[in-house]
Every structure is written in C-alpha cells, then in structure tokens.
Amino acid sequence: MARATPIDATTEAIEAAPAAPRVERSVAIEARGVHKTFRIPGHRIDSLKERVVHPLARVSYRDLHALRGVSFDVHHGEFFGIVGRNGSGKSTLLKILASIYRADAGRIRIAGRIAPFIELGVGFNADLTARENVVLNGVMMGLSQREARRRLDAVLEFAELEEFVDLKLKNYSSGMMVRLAFSGMIQSDADILLIDEVLAVGDAAFRQKCADVFHEMKGAGRTLVLVTHDMGSVQAYCDRAMLLDEGELRYIGDPEDTGREYLRMNFGGEGSGDRASVVPDLHTRLVDAWLEDRAGERVENVETGEPIRINAVLEASTELRSPSFGFLCTNADGVNVFQFERPLTTDKGQPDLLEPGQRVRISGIIDNPLAPGRYMVRCLVTRKRNPGDRALQGLRLLDFVVYGPNRGATVIRVRADVDAVPEEPGG
Amino acid sequence: MSTEAVGVPLRDVHGPSALGGGWRRFFELLYLISVTEFKKTYFGTVLGYVWSLVRPLLLFSVLLFVFTKIFRIGSTVPNYPVMLLLNIVLYTFFQEATNTAVTSVVNQESVVRKTQFPRLVIPMATVLTSVFNLGMNLIAVVIFLLAYGVDPTWTWLFLPLIVLILFVLTSAMSLLLSSLYVRFRDIAIMWSVAAAALFYGSPILYPFDPAIVPDQYRAVMAINPLTPFFAQVRHWIIDPSAPTAVEAVGGWTHMIAPVAIFVAVCALGVWVFNREAPRVAEEL
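Quick note, the sequences are listed as chains A and B, same order.
Residue numbering for the first sequence follows the numbering used here, beginning at 1 and increasing consecutively.
Residue numbering for the second sequence follows the numbering used here, beginning at 1001 and increasing consecutively.
Some hints could be false.
What the hints assert, rightly or not - Taking lysine to any residue pairs in the SDA-like style, the calculated list, with each CA pair at most 20 Å apart, reads:
no.	chain 1	residue 1	chain 2	residue 2
1	A	Lys168	B	Thr1041
2	A	Lys168	B	Leu1169
3	A	Lys170	B	Tyr1217
4	B	Lys1040	A	Asn171
5	B	Lys1039	A	Leu169
6	A	Lys168	A	Glu157
7	B	Lys1040	A	Val165
8	A	Lys170	B	Phe1043
9	A	Lys170	B	Ser1110
10	A	Lys170	B	Thr1041
In case anyone wonders, no lab produced these hints; they're calculated from the structure.
It should be emphasised that the depicted structure is a prediction, and the values quoted were computed from it without experimental measurement.
In isolation and in its complexed conformation, chain A is listed as follows (with noise of 0.2 Å):
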C-alpha cells in the first residue's frame, strides 16, 4: 500500500471494492419501474358542505412523486435493505410491496406469499383477545383457519405471552403489542417478509431478540426486505442494500457501500452547521460495538447511577494518520449528552497511525449520570493535532436505554450536596 500518501488524499471518495461473486438464485421480488404519486390536496374538501359551499373551487392538489420507477430484484434467500431519509418514498414502495398500495405504473412480480410488518404493527383490532387477533391475522396473511389456529401456540410462546392469550389487546403495553405482531409474522411462514422499521424502537431485549431471529432466518435462507434509516441494522444484516432518495433509486448493492452513499447523501453537499464538517468517505469500519456493566459483562441496557464502558472495535480502511476517537452519546431527543475523546495510543517509536485493515479497541467509562430514557453513541474519528478540525466519519455505534424511576425531567442526574437552612429572622 501506498504508505506515503498524504491523509489528505484519504478525504476523496473510496472506490467501491469489487463485489464477492454472487450465486445467482431465482428471483422473489421483481419492480420495474414503478410509480407512485400522491395527490396531497391543498385545501382538503373534507366534506359535502364544503363541496356546497364551494362548488366550483377547483381543489389545488400538489403531486408528491413518492416514487419515480424504481426497478430492482429481490433473490430468494436475500437480506435485502430499502435505505433513505425521510420521505424518500422507503415505506411507500414497501407498501406496494405489501399491496396496502397500488403502484401508479410500473409492474411488480412476487414469487410466493408475503408478511408484511409494517409501522411496528400487523393490524391488530384492540378489542379482540390476542388468541382471536392471531387467527385472524393469519387468515389475513393468507393462512387457512386451521392452520392459523395451530400456529397460535407457537406466535405466543414466541411473544413469551402465553399468559395473556385472553386478554384484550386494549390491555397489553404497546411492547407486548409489538412482540405479538412480530411473533405472528415470523411464525406466518410466508416466503417473504417486508419489515418496516422494526428496529427503531422496542426494548434492547427485545431488538436482541429480533437479532437472533435474523440470524436465525438467514441461516435458515429466507427472504427479507428490511426497510430502515438506520445503517448500522443494514451493514448488520442484509446481502444487498437500496438507497432511495426522493422517490428514486441511488445506488443499490454492497451494504457497506450504501452506506457510504447514505452518509454521503445526509452529510455531504450543501449541508450547513457542523454536520456538512462530517466528511463522508469510509476511513474505518465498525467491527464491534457493546456496553459493559461494572462487572465487565456485555449488558444492553443499564440502570440509571450504574457505571458503563462503552466499546467499539474499530478496522482501519485506508492508512489513517494521528487519529483520534471520541464517542458523542446523543439521547432520543437528539440533545448532545456528552462526549469524550482520546488519541490513538502509541507505543514509543511506534508511527502515530493505522494501517488498512489494523484495528483499534477504544474504551471508555462513564459514572452514568443520565436520566432513564433511550441513548445514542456515535464515534467521531478525527485526525489530532489540528484542533477544530474536520472529523474523518461519524459512525453510529449502539442505542443503549438507561432504566431506573424517573424524576423530574432532567438530561443528566448529579450528586447534590444541597442544605435548605431556614435564616434566623431579623438577624
């Protein structure tokens, strides 16, 4: 390797590195070119009276162009990831997808039956018990009765619900919910599984516990088109990925590189504050990233007072020179909790950097002030010796939830040493 480049040359692009040989297997999802437009009215005629009222009032509609022929092949046994911000038009093609939609153009081929998970629910009626709620959602998945019925044992003992077979689902937590829905499409059987967001919420017990089964499926050679903004789950589990930016397609293959374009994408161009400072390009690679307990055991979720260690295992993509690590823990409103920096450790003589493909541990502990609530770590690498300078990558690292009651609504929680004397009057 060109040991002798300058690191500035390391902030272009990265080619993508040619992709593995791919075994071609038959294809489950075949989109060619599909159209979706929504027409968003300006001034909603909602009723008859405004239509009275107002007969000749041409309503104004906007076209909002969710999607603008997207074309891609889904192959059988495939994790496949659908990527993209906000209203790139992910969740419209996964409902398409699922038929919830009908494509403007376009024509869409599916081999075999479909389970669609989508806005963290299958469609539950509230006030049907739970034993009723799976059958029928069977049923609707395509099952026959009988078979919905025998599955049942099966989706509950999955949900860990057993006990509350009978209860009305207007009675479970929305995290029983969750589980329910969740369990009924994994044990659905159907061929494909269209997953919408799933790992954005939920407890870490039960986002470990979608994990394993990915795992599982994967190994089991099933097909799952995973719809997502969060990269990390993409890198994690799928084959392929898509990015989808305003309804068209950006780039499509290797998830690493998706999620390049990804980052590029939200922190590249005209991006303003100190995100557009985030240069984009993948200088390392996210190996590992996990939480330790006091006790040094890998935890997902910690008790409010409770010291944690955060971990990542870091590989080094291109040479990088005087880096430095620094972890920013961001909570669930987006606030900056907090954050610590440290420079690569060298041994004396050693040269201050990483060569491609060496990695790095960085560890760091923290007494854990934070309020219970739902947390973000994102590891800024950056080059030292340059203070204020361009930070290399933003990697996003682990949600973590600090449980524990809540008082009072506070970002942090210090120790106080806090006297309340009553004065002497007139004195």
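Got chain A; can you put chain B on it based on the hints?
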C-alpha cells in the same frame, strides 16, 4: 437453502382491491370476523342476546301503543301487531347494518393500513353480523306469530328469500356508504337522517293499502323498492289475503321503477366500492 421457495412462480402484484387475495380468503375472513363480532355482542354484555331483542321490542311496544290507541290505523288492519313487529325487526336490521357499515372501513384503519386482504370483507362482515342478529330476532318473531294465532302457511317458506332480498340491498348500501365515508365524513349523518325518513316513508308502520295511503302519494311511494318489499312480506307471512307486491303498487308496469332502483343501488354500491378499494389505505 429454500429449495421449495425457488419453485414458486413469480406472480404479478396488482395492489389492494375489493376482492384481492381470492375468494377462499374472503370467505374465511368474513366468517371469522362476523363470528367474533357476533360473539362479542352476545357474550360481551351481561344480558347479551336480550339487548339485541329489547331494542326492536321497545320500539315495537311504543309504536303499537301509538298506532292502535292514539291514531287507531292499526285497529283496522288485520294482524296489525305481528305485521308491525316483523316489519320493525326487518327494518332494524337494514338500519343497524348500514349504520355500522358506514364507518366500518374508517374504523378498521389500523388493519387497512397495514395488511393486504380483500377490502370487501370489512363492510360485509358488519352486514353478516347483523344477519346473525336478524336470524335470532326472527325466531322470536315466529314464536310471536304463532302465539298471536296467525295460521302458518306454506308461504312462510319464503322467509329466507325475504332475508336474502333485504341482505342484498343492505350489502349494496353498505358498500356504497362505507367507501364514500372515507372521503366525505358527513355521509354518516346524512345517512342516519335518510334512514329515519325511509322508516316513515316505507310501509312499515302501516300497510300500503288504498284506504290508508292516499292516491296522490301512492305513485311516488311505489318508487321506493322497500314499498313492494314490505307489501310482499305482508302477503307471504302475515295475511295471505293482503295484496301481493305487484297488486299493491298497481300492476307490473309499476314494478319497473322500484326494481330498477334496487338494481341501480346494487350496481352503484359494487362499482363505487370496487373503484375506491385500491385507494382506501391512502385516503385514510
């Protein structure tokens, strides 16, 4: 690897529709939803079945009092109380089914927006649930008929046909109303008023006899498909000496208008629902 899935051929996806997903799924879902709904109304409340009977019975008692003691039309009509009860039970079915169906599609929003299934199931399930209710109520009516001393005739065997005709009309109205309601929310109020008007405008409280309905209104009232319907019900079930539908409206030529309207409502309901079904998820 999923060798079995590889053998599955690619099939075109056409998006949601009134019947998308096939007849088998349609009937299974229809049955499942209506039975669950039916169970819910019967086992969900303490008195269950009693409630579905009490409502028409209360209405019946009040009207019976008004029309036999105050206006006294009823006293001149043979078997008036049983005629009134049967008519009220039949019309209550029509009114309740359509009123529930109007908002049914919108109420099932969470399901419509997340699952692909034959959209037709939703309004049809509410109608079918009401049919179960009607069946239970008709048993009570038949008992009442016998207790009142009406002689059973072979024409009682037409009762299922009566229910079928009313079921078709109710379904068509339900399809029409439920799909329009997605776009125009005041359909619900308009329909509740229209249904009340139909209640008084159709020969439910009174028979369609020349002695009762003045000549100048007979032609207009005969356009209403419910007019010959209730006339025929009376002829078949209550009083074989009463005029048949054709005789009541004044001959076969006068049957053209109500039959045409009946057919038109059915066609319109199916057409509108079929047209709106693919877009329901977007309009919600």
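Notebook entry, point to check: Are there hints from earlier that the structure breaks, and if so, what are their numbers?
Noted result: 2, 3
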